[in-house]
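The listed protein sequences correspond, in order, to chains A and B. Residue numbering for the first sequence follows our numbering, starting at 1 and increasing by one per position. Residue numbering for the second sequence follows our numbering, starting at 1 and increasing by one per position.
Mixed in with the good hints, there may be bad ones.
Think about it this way: if two alpha-carbon atoms lie no more than 30 Å apart in a straight line, the pair counts; the simulated DSS-like pairs of lysine-lysine are [to be verified]:
| hint | chain 1 | residue 1 | chain 2 | residue 2 |
| --- | --- | --- | --- | --- |
| 1 | B | K298 | A | K116 |
| 2 | B | K15 | A | K116 |
| 3 | A | K116 | A | K13 |
| 4 | A | K116 | A | K187 |
| 5 | B | K298 | B | K102 |
| 6 | A | K114 | B | K298 |
| 7 | B | K102 | A | K116 |
| 8 | B | K298 | A | K140 |
| 9 | A | K114 | A | K187 |
| 10 | B | K102 | A | K247 |
| 11 | A | K140 | B | K102 |
| 12 | A | K75 | B | K15 |
It should be emphasised that the hints constitute simulated quantities derived from the structure, not laboratory data.
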Amino acid sequence: MLPQSTGQAISIKNLVKRYEDVTAVDDLSFSVEAGEVFGLLGPNGAGKSTTINILSGLLEPTSGSATVMGFDVQKEPGKVKERIGVCPQEPAFFPYLTGKENVELMGNLQDMPKEKLRERTDWLLDQVGLGEASSRRAGKYSGGMVRRTSLAMALVHDPELAFLDEPTVGLDPQSRRATWGLIEDLKGRGRTVILTTHYIEEAEALSDRVGIIDHGRLIALDTPQALMEEHGAENLEEVFIKLTGRKIREEV
Amino acid sequence: MRAQRVTALVTKELKKLVREPANLFMALIFPIVMTVAFGAAFGGLGSGSMDATYTVGIVDLDASANPVWAEAFREGISDTGVLIVREYGENETAHADLLQGKINAFVILPEDFGDSVDSFLAHPADPALWINSTLGLAVDQGSMIIGAVVPPLIQQVLAVTLFGEQALTLALPLSIAAPTQVTSSHLSQFDYMAPGLFAFSAIFITMLVAQAFSTEREQGLLRRISMTPTSSSEVIVSQVISNMITGATQTAIVYLFSGLMGFRSQATVAGIAYAFVIILFLVLCNVGFGLITASLVKSSGAATGLSFLFILPQMFLGTFVPNTGGIGRFVPSYYVTDALTSLFLRGAPLSSPVILMDLLVVAVVGVVTMVVGIVVFQRFGGD
Ligand SMILES: Nc1ncnc2c1ncn2[C@@H]1O[C@H](COP(=O)(O)OP(=O)(O)OP(=O)(O)O)[C@@H](O)[C@H]1O
Ligand SMILES: [Mg+2]
């Protein structure tokens, strides 16, 4: 069951998540190879966050199954959580702790060795441009600073698999580039990244493969290049329009 | 259960306590304010034990042929200028007055008091012919000053007034019995309230816990923690530990400040240790109540309000607020106050059945409440 042996970081089979009146995830099946940066694209309400929540063991699917790093998310959520890092769409942080303490808390909750935790925290905060502000209370941070803290909180334990749910929303260009740098760094060291974003060019540039979801269903999955060629499109936005007759998003 | 996780969560809770003014006030400033305010309002600062004069009752049971010696003793006591005499015909009235704080001590002159003095004066050098006798003495144990001052003064009056200066160096036929310690209602109202203050602070932990869980749930923080391998039992255990630290700190604060405000605790070191232990079990109860509160309602505002459902009965039925007994037995704080009153006010030994029983009750209720709290929270308290 070692992830290396299967080469699969994620394997989803017939996953369904139904709420009272909506089917958020509708019979989703796909897999992600270890070491891939996998872009999850789709309009608002497509089911991206719901999928990530199921894969990170936060949400019970209505039916279907999923394994993450070789472990069934429903049967062994603890094992899964030790191997993943989650940057949620809505950043959650402890306002009375400093940025640095927030990041260190996550490392401690992941049982990191103290020395490694200290080094990694400093390095990450520096990477996301929070070095100076890291000793201030996170409750006093701006929206962008909070998001960057949240990213550092997700990556502090250098997870085998990172779920980054719209990590660059609301970031200034410099911070966005820093985030891309972190994703490149993870990829360079063989980590797997699941990325959702509404910035089409970001998905194109970073993703090895892209899955396009609409109404909880996977409507396309391939490398950005192959998708564009197949649909004779200039970019992924056009691919989506060709597939659905709608835009992914009215405005970025 | 990983120590690193629990330690990190406890540290985070304590940082919150110290850094968030509302929490800091509730947990640590409030007990200080309460203790000082009650001490100032109901304490006996500057009265009673600090007076320069003490009232001493004399129960004159002397039936000797020669009554002059009892009279002389009375006058000798008055002449000290420090002791005021009140006369009694019998023991019971004096005892009752001591209990009510009307007098600070009383002396019982034995039946053969005068005969004893006469026997000495007739044969000062021949102890074999003395009629030996003993004076009874009872002092208000609430005041260390009275206990320290009154017996030597009486001894001195006996020696100087009755037997003359030279008698100081000699043995005498009359001795003073070891003083009986009597707890008198001369104690200030604050002395009776102080034991209740210990429980009073701890019951607000219900509110702290209810707020902690409901706020962190609202802010998505419980969810954020559940994205890590941290289990909900690790989260709950860290709440218990951090609140026990808070409870122990509150206990120390109340002890210190009530002492400063004039509370005369009779407790031994073991008694103080007991106080900490029983308060920790009360904290356990209140963490359980907090968990139940946070499970029943979703918003932090509602949780704060609902927490008073657990706080008010504990406050009115189980702390210093006087109540008619009976009904108090339904709240855990009652047993804490009961035990601490016995320990601190009456100087009861730790081995007394009532003290052990109180601890047992609070411990059992604490564990049960906690278990219920965990079950309810895990079923209804998550997002
Ligand atoms: N707790 C819930 N109860 C009911 N419906 C829900 C719940 N959570 C999500 N949904 C619905 O499920 C669908 C998918 O939501 P999801 O958050 O997964 O979308 P998304 O692709 O992440 O969208 P966005 O781009 O806006 O983040 C939406 O229709 C949403 O309204
Ligand atoms: Mg989303």
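Unsatisfied constraints (hint numbers, rising): 1, 3, 5, 6, 7, 10, 11 and 12
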